[in-house]
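Q: Next come the chains, spelled out residue by residue.
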Amino acid sequence: MMEINDLVVNVEGKTILNGVNLSVLAGEVVAIMGPNCSGKSTLAYAVAGHPKYQTSGIIKLNGKKIDDKSPDERAKLGLFLANQYPVAVSGLSVNSFLWQMHKKVKSSQLRVTNLVEFRKYINELAVSLNLNLDLLKRSLNDGFSGGEKKKLEILQMLVFEPKYIILDEIDSGLDVDALKVIAKTVAKTAIKNKIGVLVITHYNRILKYLKADKVIILEKGKIVKTGTGKLAQDIEVSGYKNEI
Amino acid sequence: MKYKYGFSMPENNVFKAKRGLNEEVVTTISKIKNEPSWMLDNRLVAYQKFLEMPMPNWGADLSGINFANIFYYVKASAKTEKSWDDVPTDIKTTYDRLGIPEAEKEYLGGVKAQYESEVVYGSLMKRFSDQGIIFCGMDEALKKYPKLVKEYFGTLIPKGDNKFAALNTAVWSGGSFIYVPKNVKVDLPLQAYFRINSANMGQFERTLMIIDEGAFVHYVEGCTAPIYSTDSLHSAVVEIFVKKGARCRYTTIQNWSTNVYNLVTKRARVEEDGIMEWVDGNLGSKVTMKYPSVVLVGPRAHGEILSVAVAGKGQHQDAGGKCIHLAPNTTSRIISKSISLKGGRASYRGLIQINKGAINSRSKVVCDALILDKKSRSDTYPSNKINESKSILEHEATVSKIGEEQLFYLMSRGFTQDEAEAMIVNGFIEPIVKELPMEYSVELNRLINLQMEGSVG
Chain A
1 MMEINDLVVN VEGKTILNGV NLSVLAGEVV AIMGPNCSGK STLAYAVAGH
51 PKYQTSGIIK LNGKKIDDKS PDERAKLGLF LANQYPVAVS GLSVNSFLWQ
101 MHKKVKSSQL RVTNLVEFRK YINELAVSLN LNLDLLKRSL NDGFSGGEKK
151 KLEILQMLVF EPKYIILDEI DSGLDVDALK VIAKTVAKTA IKNKIGVLVI
201 THYNRILKYL KADKVIILEK GKIVKTGTGK LAQDIEVSGY KNEI
Chain B
1 MKYKYGFSMP ENNVFKAKRG LNEEVVTTIS KIKNEPSWML DNRLVAYQKF
51 LEMPMPNWGA DLSGINFANI FYYVKASAKT EKSWDDVPTD IKTTYDRLGI
101 PEAEKEYLGG VKAQYESEVV YGSLMKRFSD QGIIFCGMDE ALKKYPKLVK
151 EYFGTLIPKG DNKFAALNTA VWSGGSFIYV PKNVKVDLPL QAYFRINSAN
201 MGQFERTLMI IDEGAFVHYV EGCTAPIYST DSLHSAVVEI FVKKGARCRY
251 TTIQNWSTNV YNLVTKRARV EEDGIMEWVD GNLGSKVTMK YPSVVLVGPR
301 AHGEILSVAV AGKGQHQDAG GKCIHLAPNT TSRIISKSIS LKGGRASYRG
351 LIQINKGAIN SRSKVVCDAL ILDKKSRSDT YPSNKINESK SILEHEATVS
401 KIGEEQLFYL MSRGFTQDEA EAMIVNGFIE PIVKELPMEY SVELNRLINL
451 QMEGSVG
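The listed protein sequences correspond, in order, to chains A and B.
For the record, in the first sequence the residue sitting at position 50 is 50 according to this note's numbering, with numbers rising by one throughout.
For the record, in the second sequence the residue sitting at position 260 is 260 according to this note's numbering, with numbers rising by one throughout.
Only chain A is shown next, with the shape it has when bound in the complex:
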């Protein structure tokens, strides 16, 4: 279980999240929705351990307190953040990056032990995401389109094999086909590997393919409403103002 208790987050002296409590069970999909500037992305970064976000409160992963850990330590405990704005690293090829990541996070139980087999494995995953294989030879996220970056985040997630994932507006800037393949891949993987998913989004459309067990509405740094998947549909029809 991922547990967040009384989380307060300050960024550059400003309080963005003010006492958030939530939990995500293994295999559960929890959606965080809310208007702009409600603190949704801040929640994602704070849980993943971005140094710019000062937190108080408690964040636990499977009973282990992680709020004082560095991002890499959190990752090694099985937490994966799919970023809204994936960062480019020039000269670091996607293939090499994925291989190093695989060795890092799966150190004790490598899926494949040699580079040739690994390439084959990666290529299959890329094909399943409808991702152009040429991208794997290029520098990480360097000059990639919005959709390509998001698909690569999901490819990384598949290689990473996390226990908990946070999808930070993975659906923004995606066309319908890309949205569908990404959402379905996450849904399938979540069920198969019993992954807890925290999906942060503005829109209900991703939840059509990735069914949320719980929908939480965040506004001005606080949770203002919790409901089922129906809540997301209602918001789509009548907007945040009428539902909160």
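Some hints here could point you the wrong way.
Said to hold, decoys possible - Chain B side only, calculated, beta carbon under 10 Å to chain A, not exhaustive:
#1 T93
#2 F408
#3 S412
#4 A420
#5 I424
Stated by the list, open to error - With the C-beta cut set under 8 Å, the calculated list includes, among others, these residues of chain B facing chain A:
#6 F7
#7 P10
#8 N12
#9 R377
#10 D379
#11 Y381
#12 E405
#13 Y409
#14 M411
#15 T416
#16 D418
#17 M423
#18 N426
#19 G427
#20 P431
Claimed, not checked - Derived DSS-like pairs: lysine-lysine, alpha-carbon spacing no greater than 27 Å straight-line:
#21 K286(B) with K144(B)
#22 K16(B) with K286(B)
#23 K69(A) with K286(B)
#24 K222(A) with K211(A)
#25 K137(A) with K375(B)
#26 K106(A) with K192(A)
#27 K194(A) with K65(A)
#28 K401(B) with K69(A)
#29 K104(A) with K434(B)
#30 K434(B) with K149(A)
#31 K104(A) with K401(B)
#32 K401(B) with K137(A)
#33 K364(B) with K137(A)
#34 K149(A) with K286(B)
#35 K313(B) with K401(B)
#36 K120(A) with K434(B)
#37 K374(B) with K313(B)
#38 K16(B) with K103(A)
#39 K52(A) with K401(B)
#40 K192(A) with K214(A)
In case anyone wonders, no lab produced these hints; they're calculated from the structure.
Beta carbons: idealized from backbone N, C-alpha and C, even for Gly.
Put chain B on the given structure of chain A with help from the hints.
A: Chain B only, in chain A's frame:
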């Protein structure tokens, strides 16, 4: 930082000149080598030039060099051996620890090993010598091929070119001589390995390469020295003649210990359709001043300078390149990447000159600097002299720091901060590293990662 090559061996010299420099020392070096009189005369004139010329004051701080405290000639072995077994034990042990004999077996076409002032070991694959390729020490070349040496020696870098070229011409010893006959392609790299062992040593090798029409060679050199509290001086001169349609690639991985002043003059003259490529990695030394140059004298000649410099604690890497276009349709490219960390300083200094009449010539300069912490520094000193309006010069320069967002992104994938920084740095120099032979690219990445250990800034 752990400098793996910082060990030294006891001195068992055959001959060691007195400390300091005067005409007597210059004459002694020439006498020991039993040189023709023209070379001695050349040395003595160069020595006068050296005395007359002022210290260059436009670049790195050289005030720490004490010319009177240096040993200008040290002979550690009686002769150049053709088998490692015959090399004196201490010297052989040094090269064993540097991994040279092993490397030779695996991927080199020929090897020269210079220890202090003299070449102590030399080899060339039989199939190459059968094709007429010459790869020997410069001193041996002066004896065996006097006409060829006299025809080219000092014609590209004259003794008055700069103070350190004058010094080298006065006291030079060792270095490589390469001649590749017409249309012969040397498909394995030839390697030279330069080692300083004793303290306050001055190493002044002299390299001359003639790549005849349509031929190709890749020459690789590596340099290391022990760590001493006092300074040593390495001042080489390298002259390369690339004939019509020939191609030469010259790769240097300089990893001197951080008590060495490394002041080197390198120049290539490229005839029509010829290609000269300098690949230059500067990791070690206290101060490096080195600007490999290409003089494009024939139509369609091409010059390329790829350099990567890492300046760590107490280091100043003042490196770059010069491209001089003298003929139509000539092209050149300089790609310079520098990394400064732990208070180090990396400077790019370059010249692009396109003379009147060199129509349709093109040059492109890209210099990128990566600064890892607030204590470190990077500067760029580009100089352009364009006297032909029908030519194109492009110049791009970037200075970057490792961003918080890049670090967080990689760390959120399970990499520690050190690992994430190393990935960013290795990515930064990748365009240069991919040009190196595999063994060297691995070594370069390893050396840089070593430099970066604990460099969290």
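Q: Restraint: P431(B) near chain A, CB-CB cut 8 Å. Satisfied or not?
A: holds (7 Å)
Q: Is K401(B) within 27 Å of K137(A), Cα to Cα?
A: Measuring from Cα to Cα gives roughly 25 Å; hence the hint holds.
Q: So if I understand the rule, the pair passes when the alpha-carbon distance is 27 Å or less; does K149(A) with K286(B) pass?
A: With Cα atoms ~43 Å apart, K149(A) and K286(B) exceed 27 Å; violated.
Q: Less than 8 Å between beta-carbons is the criterion; does E405(B) satisfy it with respect to chain A?
A: Cβ of E405(B) sits 5 Å from chain A, so the hint holds.
Q: Can the restraint linking K52(A) and K401(B) be considered satisfied, given a maximum Cα separation of 27 Å?
A: Cα-Cα ~17 Å, so holds.
Q: What's the verdict on K194(A) and K65(A), does the C-alpha distance respect the 27 Å limit or exceed it?
A: Distance ~21 Å between K194(A) and K65(A) Cα, so the pair holds.
Q: With a cut-off of 10 Å on the beta carbons, see whether A420(B) makes it to chain A.
A: Nearest chain A Cβ about 8 Å off; hint holds.
Q: Starting from K120(A), check that the Cα of K434(B) is at most 27 Å away, please.
A: holds (23 Å)
Q: Would the hint linking K104(A) and K434(B) be met if the CA-CA limit is 27 Å?
A: holds (24 Å)
Q: Run the distance test for K192(A) versus K214(A): straight-line Cα separation, threshold 27 Å.
A: Cα-Cα ~19 Å, so holds.
Q: Hinted pair, alpha-carbon criterion (27 Å max): K137(A), K375(B). Please report holds or violated.
A: violated (35 Å)
Q: Is the shortest C-beta separation between T416(B) and chain A less than 8 Å?
A: holds (5 Å)
Taken one by one, the earlier hints fail for this structure at numbers 1, 6, 7, 8, 9, 10, 11, 16, 21, 23, 25, 34, 38, listed in ascending order.
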